[in-house]
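Engineer: Sequence:
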Amino acid sequence: MSLEDLHLNLRNLNTEDYPQLKMLMDAVYHDIGGAWPKHTIDKLIQEFPDGQIAIEDDGIIVGVALTVRVDYDEFSNPHKYDDLIGHREIIRNDADGDAMYGLDVLIHPDYRGYRLGRRLYEARKELCRSLNMRAILAGGRIPEYYQHANELSPTEYIEKVARKEIHDPILSFQLANDFQVKRLLRKYLPEDEQSKGYATLLEWNNILFEPAENVLDTRPTQVRVGAVQWQMREFDSVEAALQQIEYFVDALSDYQSDFAVFPELFNAPLMGLQDRAAQQDQMSAIRFLAGFTDKFKTELSRMAVSYNINIVGGSMIEVGEDDRLYNVAYVFHRDGSVEHQAKLHITPQERRDWVIEGGDNLRVFDTDAGRIGVLICYDVEFPELSRLLADQDMDMLFVPFWTDTKNGYLRVRHCAQARAIENECYVVLCGSVGNLPSIENLDIQYAQSAVFSPSDFAFPHDAVLAETTPNTEMVLFSDLDLTRLTGTAPISLRWFRRRFSTLMATTPTRFCMRPKWPWITASSLRKTW
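Numbering (our numbering), first residue to last: 8 to 536.
If you are wondering where the hints come from, they were derived from the structure by calculation, not from laboratory data. Glycine included, C-beta positions come from ideal geometry on N, C-alpha and C. Any given hint might turn out to be false.
[To be verified] EDC-like cross-link-like pairs, simulated, lysine to aspartate or glutamate; straight-line CA separation at most 16 Å: (1) K203 <-> D38; (2) K304 <-> E325; (3) K132 <-> D57; (4) K132 <-> E151; (5) K50 <-> D24; (6) K203 <-> E151; (7) K194 <-> D90; (8) K50 <-> D101; (9) K189 <-> D80; (10) K45 <-> D24; (11) K29 <-> D49.
[To be verified] Pair ranges (Cβ atoms, derived): (12) D329 <-> A102: 16 to 26 Å; (13) H174 <-> H94: 32 to 42 Å; (14) E241 <-> P218: 49 to 59 Å; (15) V471 <-> V345: 42 to 52 Å; (16) A258 <-> R95: 52 to 62 Å; (17) R122 <-> D488: 46 to 56 Å; (18) D488 <-> M290: 38 to 48 Å; (19) D78 <-> V362: 51 to 61 Å; (20) A258 <-> Q287: 35 to 45 Å; (21) G365 <-> E241: 27 to 37 Å.
Could you put the whole structure together from the sequences, leaning on the hints where they help?
Structural biologist: Shown next, in the form of structure tokens:
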């Protein structure tokens with residue numbers, strides 16, 4: 008047959024083509040069962056019509072490529088041909104699949120030598136690109152292997168075909184069409200005696216593939232934070248305190264905040280439910296306060312879910328399994344999960360009056376709006392803690408605090424702002440205000456809550472994104488752009504942190520981060536880092 012006699016047309020199969028397709032498949036696959044039943048082909052055309060491609064010459068089908076959609080992760084791993092076949096020989100087509108799987112490519116014996124197989128492969132590749140599919144996978148027979156099985160293993164045979172020392176009609180063709188052998192499949196098609204049941208898993212990668220972002224799985228780059236500058240006030244009951252908290256959570260949710268932040272020990276006024284004489288025993292009073300923590304945790308978790316907002320629940324007193332007291336911040340996720348971070352450095356007043364112990368764990372929390380860390384008040388004055396969190400790619404650091412005087416507040420503020428600059432992260436500072444002379448140890452409060460940024464061109468000139476009026480109950484809102492946290496400095500501080508970590512790991516000598524804390528050594532920090 009001469010080229011002048013050919014009148015080729017590339018088109019999709021339709022159900023009326025089955026008689027011609029059956030004749031072609033019976034002729035080509037006579038050794039492995041022949042044609043698929045009609046209902047199999049009809050179902051394939053119905054579910055994935057674009058993937059069933061035919062070449063006809065003057066109306067006669069002379070070449071066919073059959074294809075299904077599959078999940079790449081499943082079929083790029085070992086599998087068998089039968090994994091594609093369901094009940095009654097229905098080929099499984101995954102409508103949500105991210106890859107194409109080449110089932111068959113058939114060329115009529117009289118039309119071989121005209122590169123029609125390449126034309127079908129190119130049509131498949133173009134379809135893969137147009138549908139933005141990840142790849143084309145195929146299980147390829149090695150029909151000439153039986154001639155070499157006595158002297159070559161399947162792997163050796165494949166290597167020789169790849170080096171063109173042996174010609175295999177299927178594998179050689181696929182390699183010539185930019186397919187790569189991904190792995191050897193065993194017992195892929197047991198009835199294929201020529202291939203001894205072996206096959207190659209081949210893959211053609213679509214370099215133009217762009218994964219479609221799943222909005223539900225993608226974290227936002229714009230995050231809104233709402234902080235409550237909470238007024239310490241007397242409450243007649245636990246329910247009254249929770250009602251006031253829910254009012255603020257509701258308000259912040261109405262403004263579509265991703266986070267609602269409360270101060271350190273914001274439920275401490277509940278110690279006032281005891282009379283003044285009972286409060287004189289501070290150990291008893293603080294354990295009385297700890298008795299409300301479980302109820303608060305339950306209710307705040309409910310609010311986080313109900314109002315669709317993550318709540319950084321300031322901190323509350325918790326009785327540990329060892330019957331010791333801890334100052335613990337809770338992160339209430341809007342999916343209902345709850346995580347916690349204990350205060351690590353306890354102030355002299357907390358240790359003396361309430362016998363509170365420091366925690367021994369520091370971690371970053373994954374939320375649906377970024378990676379966050381929590382350092383309670385005094386903890387933010389220790390730069391090594393935030394450095395450890397930043398090394399875990401923290402985006403935002405929340406600092407719930409409670410200070411009574413302005414100089415105490417300024418210590419926390421200046422250290423918090425330094426942490427934002429050092430670690431290229433946002434820092435949210437949230438404190439309490441008001442006077443409670445009737446409650447022991449809650450006489451006065453001083454706070455000016457704020458949100459700090461790194462100090463660079465992408466941020467405000469003073470690195471302050473928002474701040475409240477001092478000593479006034481109010482809420483603060485700030486929109487944080489997480490994309491600005493990368494590449495803001497001429498020399499990346501995140502690179503510097505990693506370099507500093509390496510330096511510490513190779514430094515055997517003791518050193519003191521602060522003269523005040525001679526127990527901090529390179530080896531002790533290395534255990535944490």
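Engineer: If you test the structure against every hint from before, which numbers come out violated?
Structural biologist: Result: hints 4, 12 and 15 break, sorted rising.
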